[in-house]
Every structure is written in structure tokens, then in C-alpha cells.
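Participant: Residue numbers (this note's numbering): 69 to 549.
Think of the hints as simulated: they come from the structure by calculation, not from any bench. Backbone N, C-alpha and C fix where the C-beta goes; we use that ideal spot for every residue, glycine too. One or more of the hints may lead you astray.
Unchecked claim - Computed spacing ranges between beta-carbons, pair by pair:
hint	residue 1	residue 2	range
1	Arg477	Tyr509	21 to 27 Å
2	Val257	Cys167	42 to 48 Å
3	Gly518	Pro314	17 to 23 Å
4	Leu115	Lys225	38 to 44 Å
5	Pro139	Arg272	41 to 47 Å
6	Pro314	Ala510	36 to 42 Å
To be verified - In the DSBU-like style, the derived pairs of lysine-lysine whose C-alpha atoms are separated by at most 30 Å in a straight line are:
hint	residue 1	residue 2
7	Lys500	Lys481
8	Lys352	Lys258
9	Lys225	Lys190
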Amino acid sequence: HSFATGGHGKDEYFGPPDELSDRIDGRTAESCNVYNMLKLTRRLFALQPDIRYADFHERALFNHVLGSIDPQDGRVCYMVPVGRGVQREYQDMFSSFTCCVGTGMESHALHGYGIYYEAGNKLWVNLYVPSTAEWKDACVTLDMQTDFPEGESATLKFTVKKPREFILALRRPYWAGAGFSVKLNGRPVKHMPKPGSYVELRRRWRTGDTVQLALPKRLWLEPLPDNPQRVAIMWGPLVLAGDLGPEPDISTPRRQTQFDPSPVPVLVAAGRPVTDWVKPIHGKPGMFRTDGVGRERDVELVPFYRLHRRTYAVYWDLLNPAEWEQRLAELAAERERLARLGAATVAFVQPGDEQAERTFNFQGGEDASVEHVLGRVGRHGRSWFSFDVPVEPAHPMRLVVTYYSGAGRRAQKFRISVDGQRIAEQEVTPTKPPRFFDVEYALPTEFVAGKEKVTVRFEATGTNDIATVFGVRMIRAKALK
């Protein structure tokens, strides 16, 4: 169920195990979920010290948890999405207090948990974090200095009340390659175990003993379990997210009439080693750039936890040249369709956009909420909402509404009316893969006769929700023929 960042779930729900490819987009990776999974992970390691628990702890801490707080103003996130063309879902610290605000703050008071464990005569070092540990039962103090996660070394120094024999178990991460090494008091430790296991040093420890570790990070790709061509780019345990530009400024009015179908690049690099096409940026430690494989552009790659107030992508589609040509033809056809639709448009309403909703007199029940999916904004509701949309009574009119087939966990049924007259009973059913799609509704001539605008109302039926509406467009019906 885990994404590359250690996050889980979509809309706070797990899906079928190992079926993640169609679930990466939208509202994924809730902060409370990761908080609780880390609490469970620490308890499980205490019961059974399996290195896999430490691997997960490291992944979730250095990606999701560190990435869930804005370093400028301390806001924490409800969702820390892993999709393509997404933004972090920051909480307003002065007007809301969701559960993720509480656990979001607490998570950053727990960074010291899970670094060290002790039992009997054994001390485990699971995470490489600047820290000091007091092992009171053994009268041992351990000081760790490290520039990890972006650096690649750690030094442990011991203060021991009196010489004592015990086992020091140092985690050798699964991602650390052949350059991983351990030195004890300056002398290399031989016979290293395989990655994903512990280096155990049994000796009589004394004050002044020093252990030095080299923790080289390598570039590698982590595919989704059900789609080997959809991958996250990793640098050691760190997810490298693609910086796609600033997050939308909701205070700036937008006059959008159509949506670009290809805002997120794909990578034409299938079958090639990642080191061939991801290169470090000179003078910018920890930053990389794709080299000649981005379509339609290359992107800068930044450690996920560093990327704030930006639009980004965690997962990428890896294509070969033939697959890209096919994708390009599909994009061109979609752009042509959108251009024709734009030319026929009388008015376009962007639900969820504050300025657009003022312009078109948005009204709705208290439960009408703004939703974000793949960089697009929309309106969702459990009762009703409406817009006043201009029409041209001299022409036959069609209403075109944009939906997303992955926004709900079950079919959503609702009613659409124009000036109180029902025009459709709509059902939006989840599909694999999820997609944005338009539905056209022809308006009878008498619905628009003598009018300059009509009220388009979406209303839930029974116990159903209204599917999230990502666009409301009024067009001249004959202009598309």
C-alpha cells in the first residue's frame, strides 16, 4: 500500500494491495495515516527487530514527514500528494484544526523516536540523524554527528562510565551500494553483510571509541508494483520530485477557457540506466536535472521534503520513442478538440476558482467543497450548488460539464437542472485508469429563449454525492459541426 514517500491511501482509504498505479493522483498520502503507521512501525520493531521496519521508518520520515511542514510559516499538511502536477494541501493554522494539524505538529516532536533501540546487551542504530542517546541501563552515552540525509557520512562517539561489552548493530541500508563502509577507531571493518542487514560490532567499548560510516546514495528507479513503466526517481532513500513551477496563486483571477492536456512531462528513457539521463546540477547540492529525455521539457529534480509552495510530480511515465509518438498524436488530437470547443464557447466557469465563482454567482450548500486533482480545481457537494451561466438565445445551446472518473470510491448519482427544469440524471462511475471527461447536455430552445443567462444547478439525489465538477461550459451547438 505504500507510495515511494512512505505515504498511503487515497482520500483516506486503502485500495486493493499492490494496485497503486491508478491511485497516485488526487488526494493521496494523508498525514494522520503516516503518523499512525510510524507509531505502529516503532511498536513492531520493538516486538521483532526486523530491518524492514527501519527501512520504512526512514522512508516515511525523510520524505513524507519532513515534507509535511512549511519551513517558512510552520503550516502543516492534510495531504502530501504523490501524483503528477500536484501541490501540498496546507492547513490554515488560524481557521481550521483538522486531525492532521494535531498529528502534523506532533510528528515533528517525534523525530528522536526510532533512531535507537536497546535490549539486553544490544544497541541498534536504525536511523542516521544528528542526536545524542543515553543508554541508562548500560551507563553509555552515544553522540551521532551526520549531514544525512543529503550528506553521506555519520560519526558515532561513545562515552562509557566504565568499559562494557555489548553489541552495536548498525543498519546497512538497502539503498547503500558497494561504497558503504564502517571504520572502528579509524580501522576498516571487514566482512560487510549484504545491504538490508545489520553490521554487528561486538566488543568491550570504552570512552572515546569512534565509529565512522560512509553512506553513499545512488540514483535508482522505484516502479509501482502494478506498472513497471510508472516510476519514482530515488536518490538513496530520498524521493526526487520534479519541480513544475509555482503553485497556483488563488488570489490572482484566472480567465481559463480550456485545460492543457499535457502539463506534466513524460520521460522517453525506457530501458536506459537512470544515471544516463539524471545528472547533478553543478553548484546546487542535492539537485538534479533530467537530460534530454523530458517530453515536452526536461525538469529539475529536488529532494521531495525540500519542495514547498510548488507544483510537482513524484511519479513519471517511462516511454520508448514509439510510445511517445503515439502519446504525442493523442495529445495533438485532444488539443485540437479543446480548440474547437473553445471557439464554440459562450461562457466557461471554473468551479473552485474564487474569482470565477464570484463572476458566475456561485451558490451552494454548506457542504460544497473545493477539490484538487492533477492540478485542476473543482467543486464537490453532498446537497447542491449552482452557477449563473450566460447563454445566446439566438443559437441552440449545449451545456458541457467536465468530470473525473477517479474522484469517488463508488458511482455518484445526481440531478442537473436549468432554471428549475431538469435536463439530466447523471451518474459518474469510477474507471481504471481514471480520466477527465466531458458530458454534453442539449438545452431545449425554450430553456434559453429571451434570456441572457440561466442558473445551472447540481443537486444530490438520495444518499449520493455530487461528482466533482471541474468545468461548466456553455457552447453554441452548431459551432461544433
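Participant: Each hint: holds or not?
Facilitator: Cross-check of the supplied hints:
no., hint, in the structure
1, Arg477 <-> Tyr509: 21 to 27 Å, "holds, 25 Å"
2, Val257 <-> Cys167: 42 to 48 Å, "holds, 45 Å"
3, Gly518 <-> Pro314: 17 to 23 Å, "violated, 45 Å"
4, Leu115 <-> Lys225: 38 to 44 Å, "violated, 30 Å"
5, Pro139 <-> Arg272: 41 to 47 Å, "holds, 44 Å"
6, Pro314 <-> Ala510: 36 to 42 Å, "holds, 40 Å"
7, Lys500 <-> Lys481, "holds, 19 Å"
8, Lys352 <-> Lys258, "violated, 35 Å"
9, Lys225 <-> Lys190, "holds, 16 Å"
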